[in-house]
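Input sequences plus hints: build the corresponding full structure.
In the order they appear, the protein sequences are chains L and H.
Just so we're aligned: the first sequence equals residues 1 to 335 in our numbering.
Just so we're aligned: the second sequence equals residues 1 to 335 in our numbering.
Hint data in this document are derived by calculation from the structure and do not stem from the laboratory.
Fair warning: this is a prediction, and the values are worked out from it, not measured in the lab.
Just to be clear, a hint being listed does not mean it is correct.
Taking beta-carbon pairs under 7 Å as the criterion, some of the chain L residues facing chain H (in silico) [unchecked claim]:
1) Met-42
2) Ala-146
3) Asp-147
4) Val-214
5) Lys-234
Computed far set for chain H versus chain L, every beta-carbon distance over 10 Å [unchecked claim]:
6) Ala-12
7) Glu-19
8) Arg-26
9) Thr-51
10) His-60
11) Leu-114
12) Arg-117
13) Lys-149
14) Glu-210
15) Asp-213
16) His-296
17) Ala-301
18) Arg-309
Glycine residues also receive a C-beta, built at the ideal position from the N, C-alpha and C atoms.
Each chain, letter by letter, is given below.
Number of protein chains: 2
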Amino acid sequence: MKIIMDAMGGDASPKAQLEGAMRAVRELGIEVCLVGDSDLIMGHLDAMGETLPEGLTVQHASQVITNDEDPAFALRRKKDASIVVAANMLKNGDGDALVSTGSTGGVLCAGLLLIGRIKGVQRPALAPVYPTETGYGVLIDCGANADCKPQYLAQFGVMGSIYASAVLGKKNAKVALINNGAEEHKGSTLYKEAHQLLKQAPINFIGNIEGRDVMSGTADVVVCDGFTGNVMLKVIEGVSSTLLKNVKGAMMSSLKTKIGALLAKDAFKTLKKKMDYSEHGGALLLGTKYPVIKGHGSSDAKAVFSAIRQATKIVEADVVCKIAADIEKMEMPEA
Amino acid sequence: MKIIMDAMGGDASPKAQLEGAMRAVRELGIEVCLVGDSDLIMGHLDAMGETLPEGLTVQHASQVITNDEDPAFALRRKKDASIVVAANMLKNGDGDALVSTGSTGGVLCAGLLLIGRIKGVQRPALAPVYPTETGYGVLIDCGANADCKPQYLAQFGVMGSIYASAVLGKKNAKVALINNGAEEHKGSTLYKEAHQLLKQAPINFIGNIEGRDVMSGTADVVVCDGFTGNVMLKVIEGVSSTLLKNVKGAMMSSLKTKIGALLAKDAFKTLKKKMDYSEHGGALLLGTKYPVIKGHGSSDAKAVFSAIRQATKIVEADVVCKIAADIEKMEMPEA
Numbered sequence: 001m002k003i004i005m006d007a008m009g010g011d012a013s014p015k016a017q018l019e020g021a022m023r024a025v026r027e028l029g030i031e032v033c034l035v036g037d038s039d040l041i042m043g044h045l046d047a048m049g050e051t052l053p054e055g056l057t058v059q060h061a062s063q064v065i066t067n068d069e070d071p072a073f074a075l076r077r078k079k080d081a082s083i084v085v086a087a088n089m090l091k092n093g094d095g096d097a098l099v100s101t102g103s104t105g106g107v108l109c110a111g112l113l114l115i116g117r118i119k120g121v122q123r124p125a126l127a128p129v130y131p132t133e134t135g136y137g138v139l140i141d142c143g144a145n146a147d148c149k150p151q152y153l154a155q156f157g158v159m160g161s162i163y164a165s166a167v168l169g170k171k172n173a174k175v176a177l178i179n180n181g182a183e184e185h186k187g188s189t190l191y192k193e194a195h196q197l198l199k200q201a202p203i204n205f206i207g208n209i210e211g212r213d214v215m216s217g218t219a220d221v222v223v224c225d226g227f228t229g230n231v232m233l234k235v236i237e238g239v240s241s242t243l244l245k246n247v248k249g250a251m252m253s254s255l256k257t258k259i260g261a262l263l264a265k266d267a268f269k270t271l272k273k274k275m276d277y278s279e280h281g282g283a284l285l286l287g288t289k290y291p292v293i294k295g296h297g298s299s300d301a302k303a304v305f306s307a308i309r310q311a312t313k314i315v316e317a318d319v320v321c322k323i324a325a326d327i328e329k330m331e332m333p334e335a
Numbered sequence: 001m002k003i004i005m006d007a008m009g010g011d012a013s014p015k016a017q018l019e020g021a022m023r024a025v026r027e028l029g030i031e032v033c034l035v036g037d038s039d040l041i042m043g044h045l046d047a048m049g050e051t052l053p054e055g056l057t058v059q060h061a062s063q064v065i066t067n068d069e070d071p072a073f074a075l076r077r078k079k080d081a082s083i084v085v086a087a088n089m090l091k092n093g094d095g096d097a098l099v100s101t102g103s104t105g106g107v108l109c110a111g112l113l114l115i116g117r118i119k120g121v122q123r124p125a126l127a128p129v130y131p132t133e134t135g136y137g138v139l140i141d142c143g144a145n146a147d148c149k150p151q152y153l154a155q156f157g158v159m160g161s162i163y164a165s166a167v168l169g170k171k172n173a174k175v176a177l178i179n180n181g182a183e184e185h186k187g188s189t190l191y192k193e194a195h196q197l198l199k200q201a202p203i204n205f206i207g208n209i210e211g212r213d214v215m216s217g218t219a220d221v222v223v224c225d226g227f228t229g230n231v232m233l234k235v236i237e238g239v240s241s242t243l244l245k246n247v248k249g250a251m252m253s254s255l256k257t258k259i260g261a262l263l264a265k266d267a268f269k270t271l272k273k274k275m276d277y278s279e280h281g282g283a284l285l286l287g288t289k290y291p292v293i294k295g296h297g298s299s300d301a302k303a304v305f306s307a308i309r310q311a312t313k314i315v316e317a318d319v320v321c322k323i324a325a326d327i328e329k330m331e332m333p334e335a
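Encoded structure:
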């Protein structure tokens, strides 16, 4: 198996990508091709006093698409951007999956325009894995589609279910629709119609859940439009960070609580590890012809390694073929 | 000043409502009229060994609208429901504001259908106050309007700004639009158009904020459609509860961390108080002709007292007149 790793565009690029890829070829017994500025990559390798390990190759790409560019425009203009070179390699069969920690817009556009959709999939969607009280869940869509139609959401449910089963090992994954009430008739027009389509989809649809149940582990897959999903995911990040800051602040307020904090240090480490996004890899772009994973821009070597490992699981489980088969079964209004 | 308190429909009704109202008349020097089953209310008063304190009156209402009823239908059918009697009192000038901890649907319908909108307000919106890192913020709309038009969101910004200034003391309140990106062109069609209208509104509009900034205190007022706002608010609740549960679990994992937890107990109490929704009163229904406040269904006496105190502030600050004046200034497409 060969994973194509976009080495550029992350906060710690290409160092973190190089280190993560080195660990991946050594520990997972796979091939990885790093795509990016080869001088920079080899320079970091030299500085580490290392040579390329077996299984790791470098494909030079001279340009980078940044976060502040219009991604569709940049994709056409920068033919030698790392994400463009990487996506073309994937499309041409020179690799099994693509991982990038670069600009989200760039990754989405490369997925949609260069790699293309699975036949029948109306809109690919971005699906991160996030920690819940009882384990992990999949959120789909978290930002690929700000404006959605009901049938997109129904397809998100199908794709999310396959993904949860393949990567989280959830057989018959519980799929829920986020909503502003548990009852079937609740929600905006979009959500009311999506609910009816999800009921008919070939999945274990458990109905609506409210925001307070997203973290509880009631559902394995939470379906939403890309606008709501993006806001939700960032609210989860923001609340976690604020609360942990508040806990820390409260614990530093007196000598007694400071001693308490010292004794409870291990407890916080365990908790921090569970909440740590770098443990869970990246967000999968579901619905493209080959798997594309978007890792966090701030990924360190560990997060890059996790995202590559996640890519291998997706390839092994043949998520793409399973999606194609299930989407074909669905009768859907046209996009 | 006289506050009309719907005594029915909460989890601890009418006991919590009675106790909260008793405290309010004693500490705030106002009048409160409790509307609900007078036998039940007087029974609780007897059981407490008390009589009605000066300023507190009881208006009998024999029916209750529950959470599982269709609110618009129930409103027409149950003419003697506590929320109906209370709303009619408010409309007829027999009180300055209404507080209810009953069914959200019932309160919204009573506000819209019985009390009515301020002239020019296209859609009243539900606005709770929530804790941030630096103080408190207002979220508007958190559930009155699942389907919104851009001009509703622009009006939410104006109403939220007046509310934040009146109740939170924020002069020139910073109003932000929630979005899936900070840049002006980000978001769904609804949010792109709302952004342009908010820029022209008579408020201190600071642009888009992302989900992770909702808790940081960057904005005093966060504008969103009722679907997104409801999901966000409940995600905040859910994440807080999950995280505090996780902290607790981690602290109970060894003897050492248990001792730490014991020493740090005060720190957690402070934090819990800050995160405690019962400290912040209820959500104001903004845009109705007279102020209507929806308290949490699980409100205890303290939360009822807070909501009544909040109502007095809204009346004192003349929020309704200020909204009418500012909405009149705006040029808006028709609803």
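May I ask you to check that Ala-12(H) keeps its beta-carbon over 10 Å from the closest beta-carbon of chain L? Correct as stated: the minimum Cβ-Cβ distance to chain L is 20 Å, above 10 Å.
Chain H contact restraint on Lys-234(L) - CB to CB distance below 7 Å: holds, 3 Å
Classify the label on Thr-51(H) as holds or violated, using whether its beta-carbon is more than 10 Å from each beta-carbon of chain L. holds, 40 Å
So, as I understand it, the hint says Asp-147(L) touches chain H; can you test that by seeing if any CB pair is closer than 7 Å? Because about 5 Å separates Asp-147(L) from the closest Cβ in chain H, which is inside the 7 Å limit, the hint holds.
Non-interface claim for Arg-309(H) versus chain L (Cβ beyond 10 Å): holds, 25 Å
Does Glu-19(H) clear chain L by more than 10 Å, comparing its Cβ with all Cβ atoms of that chain? holds, 27 Å
So His-296(H) supposedly isn't at the interface. Is its beta-carbon more than 10 Å from every beta-carbon in chain L? holds, 13 Å
Take a quick look at Arg-26(H) and tell me if its Cβ sits farther than 10 Å from every Cβ on chain L, holds or violated. holds, 32 Å
Mind verifying the non-interface call on Leu-114(H)? Its CB should be farther than 10 Å from each CB in chain L. holds, 22 Å
When the nearest CB of chain H is found for Ala-146(L), is that gap smaller than 7 Å? Holds, because the Cβ-Cβ distance from Ala-146(L) to chain H comes to roughly 4 Å (cut-off 7 Å).
Using 7 Å as the Cβ threshold, decide whether Met-42(L) counts as touching chain H. violated, 35 Å
Find the nearest Cβ of chain L to the Cβ of Asp-213(H) and say whether that gap is larger than 10 Å. violated, 6 Å
The structure is inconsistent with the numbered hints 1, 14 and 15, although it conforms to all the rest.
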